[in-house]
Structure formats: structure tokens, C-alpha cells
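**Q** As you go down the protein sequences, you meet chains A and B in turn. Count the first sequence with our numbering and you get residues 115 to 408, in order. Count the second sequence with our numbering and you get residues 93 to 364, in order.
Any given hint could turn out to be false.
Residues on chain B that point at chain A, a partial pick, calculated with CB under 8 Å [what the hints assert, rightly or not]:
{"hint": "1", "residue": "190"}
{"hint": "2", "residue": "195"}
{"hint": "3", "residue": "282"}
{"hint": "4", "residue": "284"}
{"hint": "5", "residue": "335"}
Hints were generated in silico from the structure; no laboratory data involved. Predicted model, so just to flag it, every value in this text is computed and none were measured. Even glycine gets a Cβ: it sits at the ideal position worked out from N, Cα and C.
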Amino acid sequence: MTAAVADRPAATATGTAIWWRNNRATALLLLAAAPALLFLLAFYLLPMMLLLAQSFEGGSLKAYEKALTDGLYVRVLIDTMLIAAYVSVICLALGYPVAYFLASTRPPWPTIGIIFVLLPFWTSILVRTYGWMILLGRNGIINRFLLDIGLLSDPLPLLNNLNGVLIGMVHVLLPYMVFPIYAVMRRVDPALIAAAEGLGAPGWQIFRRVYFPLTLPGVLAGVTLVYILSIGFFITPALLGGGKVIMIAVLIETQVRQFLNWGFAAALSAVLLAATLLVYVGLRRLFRSDLQWS
Amino acid sequence: MELTAARRRAAGVPAWRFGLYAFCALVFLFLMAPLVVVFPISFSSSPYLQFPPPGWSLQWYVAYVEDTAWIDATIRSLKVAAATTVLSTVLGTLLAFGIVRGRYPGKEALNQFALLPLIVPVIVYSIAVYGLFAQARLIGNWHAIVLGHTVHAIPFVLIVVGAALRTYDENYELAAMSLGASRLGAIWRITLPQIRPALVSAMFLAFISSFDELVVAMFLGGSNMTLPKKMFDNIVNAIDPTIAAVSVLQIVLVTVVLIVVSKIGAGAGPSR
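Work out the full structure: start from the sequences and follow the hints.
**A** Written out as C-alpha cells, the structure is:
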């Protein structure tokens with residue numbers, strides 16, 4: 115029953131019949147998987163392959179050379195990675211305490227907290243981006259408030275620059291940090307903390323040497339997820355960056371839509387794809403166990 | 093354990109706990125703020141972004157309902173999302189059966205392959221499929237957007253339905269078969285009803301992922317805009333509070349669907 119399908123050449127009609135009788139269940143299951151796999155081959159793998167092929171226009175690596183050596187574009191690549199790193203660090207700083215809050219409070223607080231995290235998560239990114247524009251603009255609610263109470267004499271530059279992009283991205287990605295960490299924290303055995311306490315460890319030491327290491331898998335999963343999603347971000351930098359913050363996804367879009375520069379856009383896409391998969395595979399290497407964030 | 097808990101209770105809540113609560117309250121405020129501010133703006137009587145609004149009116153809701161471009165975009169988005177939901181749920185559920193129940197080599201690779209669209213940046217996929225569909229002259233056709241969105245919805249269905257199938261006790265199905273049901277009959281009448289909460293969640297995920305999706309639709313839609321594309325253009329070009337009204341409607345829609353889904357999901361499951 116477990117034999118590979120391809121290992122059994124069905125040479126004769128009788129051979130086919132025997133194979134069918136032995137592997138009917140496997141064959142039916144493959145048949146069930148086939149429509150989705152064919153769909154993904156046609157509308158996923160095929161276009162991606164065609165795009166990658168375009169990056170080697172004329173059998174040369176010129177497009178890659180341009181993407182990886184031209185100062186202007188290298189700057190964009192570095193900026194993208196830096197922004198993704200900032201976003202990951204900020205999300206961790208905000209997300210870890212929130213996850214701990216969800217994992218350590220008594221009902222109904224965890225449920226209330228989860229609603230606060232989930233409601234924005236389910237709201238359209240465009241709605242949230244628009245909300246941030248209302249809040250962060252020169253005449254936005256935050257600046258108005260700070261000017262009115264006399265804390266500022268000039269409005270803070272919060273929108274159409276890196277600040278706006280970071281605030282918007284952290285807002286979108288924070289749930290992706292909170293949930294993996296929360297999932298791990300819920301599985302931490304409280305007896306271990308009690309044991310550390312019983313042995314006289316001070317609170318900070320318990321956190322640093324017992325609790326934090328135990329929750330590290332969740333932290334790494336969250337950071338990786340946020341980093342991967344960050345480097346491909348398009349909507350938030352396009353809308354909140356005011357044209358001043360160019361991330362690689364924005365660059366790819368302009369290359370295709372404005373300049374019809376397919377070869378170069380394809381090479382940039384390949385670079386972005388490689389960076390993404392590298393981080394992803396790195397994570398899977400770290401954890402052999404299943405790290406699905408469902 | 094009991095002792096330390098008692099000691100902690102006697103000592104009262106430690107100071108750092110208050111710090112934690114205050115910090116988390118601020119983070120929750122940060123998470124909710126951009127959703128909340130949209131509400132007053134949508135009822136503003138002013139065409140400018142003024143806060144607090146100088147007066148109240150329903151004019152932006154009227155403007156939304158009376159503008160055929162907004163309504164067309166909304167209907168198109170609902171159509172695309174509905175078709176994506178049906179297509180991805182059927183394909184994804186079959187795939188989940190094929191992968192979870194399968195005993196053939198390479199099934200883990202199949203699983204990884206089908207989940208790949210979640211990891212690959214949307215912009216990369218968007219220009220890839222744009223290139224292909226431009227050659228096939230499919231740009232501007234709403235069916236094209238459905239195909240692109242289904243690629244991204246299949247992984248959601250696979251994860252959610254696959255998880256339900258992994259924990260499902262196949263003996264129910266075998267019992268039905270020993271009573272004379274065929275395998276397919278048993279799956280249809282016994283297994284699928286029992287994993288209904290997962291199917292409902294999967295359909296919800298597929299629907300929302302399509303309804304909110306901008307980048308694929310931006311490339312494939314051409315001049316036939318979906319709702320997110322119309323919102324994007326509105327944000328880029330002129331900020332007029334119509335989009336605030338649309339935002340409020342969208343938040344309300346998602347909340348209602350979420351409540352309905354949790355109701356269906358909760359009442360339908362077997363004792364678990």
C-alpha cells in the first residue's frame with residue numbers, strides 16, 4: 115500500500131488491474147489532490163517560472179548586475195532589509211508583553227485582549243492605512259492634540275516619511291508576532307517557574323534564564339514571519355511613505371507599471387524571492403517540528 | 093505551586109504587573125485607534141479632514157450609495173470573493189484529503205508547494221501572473237482576478253481543513269462503511285458535516301483574503317476596479333470622507349460575518 119506510484123510500471127493490462135487493486139486508496143487520494151495541484155501548476159508555478167526566465171533576458175545576467183551593484187538600487191535593497199529589521203524589533207518589543215498578558219491573565223482578560231488583536235487583523239489594510247492618515251497627518255488628530263495641550267510648537271513629521279511607514283507596518287504585522295509567541299507561552303509548564311522560585315531565583319533571573327529561553331521558539335517564529343512579510347510590503351510604504359520611502363516591492367511595481375522594464379523587475383523579484391526563501395528555510399532548519407501558524 | 097500562588101496573593105499584585113497592564117493598554121489603544129477614528133470622520137459634515145467634525149451628517153454614505161463607480165467596485169469585489177471562496181474551498185478541501193490521508197512519498201513536498209503562495213511576496217506573484225495574463229488578453233476580466241485570488245486562498249483552506257482532518261477520528265467513517273455506506277458516501281454524510289466548523293472558517297478566510305486583496309487585483313483588474321483598488325485610488329488622489337463611510341461599512345461587514353461564523357462554527361461541531 116505504501117509503495118511509490120511511479121515505482122510500479124503498469125506494463126500489461128493485468129499489471130494495471132493488480133496495481134489498481136493494491137493502490138486504489140492512494141490513487142483516489144492523488145486524484146483528489148490533482149485538481150488543486152494542476153491549478154497551482156498552471157496559475158502559480160508557470161507564471162513564476164516565466165517571470166524568472168525573463169530576468170535572464172538575452173541569456174545574460176545584466177539585470178542582476180544592475181540590481182546588485184548600482185548604488186541606487188543597492189540602497190533600496192539595504193533600506194528594505196533595515197526597515198524589515200526595525201519593524202521586527204518593534205513588533206517584538208510590543209508583542210512579547212502583549213502575548214504574556216494574554217497568556218498570564220485570568221478570564222475574561224485573555225478573550226478581551228485577543229479581540230483587540232484580532233479586530234484590526236481582520237480589517238482591510240486600506241481602511242487601517244486611511245485611519246493612520248487621519249491620525250498622523252500634519253493637521254492630524256495626534257499633532258492637533260499635542261499642539262493644543264502645548265506639548266509641541268511645531269507639528270511632528272509623522273506621515274509621508276519613515277515614521278509613517280514604520281507605524282503602519284508595525285500595526286499590520288503585530289498580530290503575526292503576538293500569536294506564535296502566545297501559542298508557545300501557553301505551553302510553558304508553570305511548575306518550572308515555581309521550581310525556579312522555590313530554588314530562590316530572583317524574578318529577573320527567572321525570566322532571563324528560564325521563561326525567556328522556553329518561549330524562544332515562539333519569538334523566533336514571530337520574528338521570522340514578520341521579517342519575511344515586511345521585506346515584501348507594498349501597500350503601506352506606497353501610501354504612508356509619501357514617495358520618500360522606497361522599498362523593493364514599490365520599486366518592482368514602478369519598474370513594471372511605469373517603465374515596462376520587465377527584465378529588471380524580474381531580477382529584482384528573484385532577489386526578493388531568494389531573500390524571502392532564505393529566511394524561511396533558515397527558520398525551518400532551526401525547528402524540525404511543525405511551525406504552522408494556524 | 094499552591095504555596096507560591098498563595099504567597100503572591102498575600103503580597104498583592106507586584107508593581108511590574110501594573111507596568112505590564114499599562115503597557116498592554118497602550119498597545120491595545122495603538123491597535124484600535126486607526127479603526128476607531130474612521131467612525132466620526134464618516135459622519136462628518138465637512139469635506140475636509142477635521143477632528144472633531146464641525147457637524148454631523150450622512151452625506152458620505154449617500155455619496156457612496158449614489159456613486160455608480162463605488163457600487164460597481166463593491167459588486168465586483170463581492171462577485172470575485174464569492175467565486176474565489178467556492179473555487180478555493182472545493183480545490184483546497186480535496187487537496188487536504190489527498191495530503192492528510194495519503195501514504196505516498198513526497199506528500200510533504202506537495203504540502204510545502206501548496207503553502208508556498210503564503211510565503212512568496214504578493215508583488216512578485218502579481219507581476220508574474222500579470223505578465224502571463226496580459227499575453228492571454230485576460231487583463232480587466234474579473235475571472236482572471238478570481239484565479240489569482242484562488243492561488244492565495246488554497247493555502248488557507250489547506251491549513252484549516254487539513255488541521256481538522258488530522259485530528260478527525262477516521263473510525264466514524266469506517267463505522268459508516270461497515271454499515272453499508274460507500275467511502276464517498278461516508279465522507280459526504282459523516283466526515284464533512286463533522287468538520288463543518290473548519291470548512292466554515294476556511295470559507296471565511298478565503299472570502300476575506302479575496303475581498304481585501306489589493307495588489308493582485310490592481311494588476312489584473314485593468315480599468316475594472318475592485319473595491320480595494322477604488323479605495324487605494326481614493327486615498328492616493330483625493331482624500332474625501334466617502335472612503336471613511338466605505339471603511340465603516342467594511343468594518344461592520346467583517347464584524348458581522350465574524351460573529352456569524354463563530355456562531356455556525358460553535359454550534360455545529362461534534363463534542364470536542
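**Q** Now tell me, hint by hint, if it's right for this structure.
**A** The hints, checked one at a time:
no.	hint	verdict
1	190	3 Å, holds
2	195	5 Å, holds
3	282	17 Å, violated
4	284	13 Å, violated
5	335	6 Å, holds
Of the numbered hints given earlier, the model fails hints 3, 4; all others are met.
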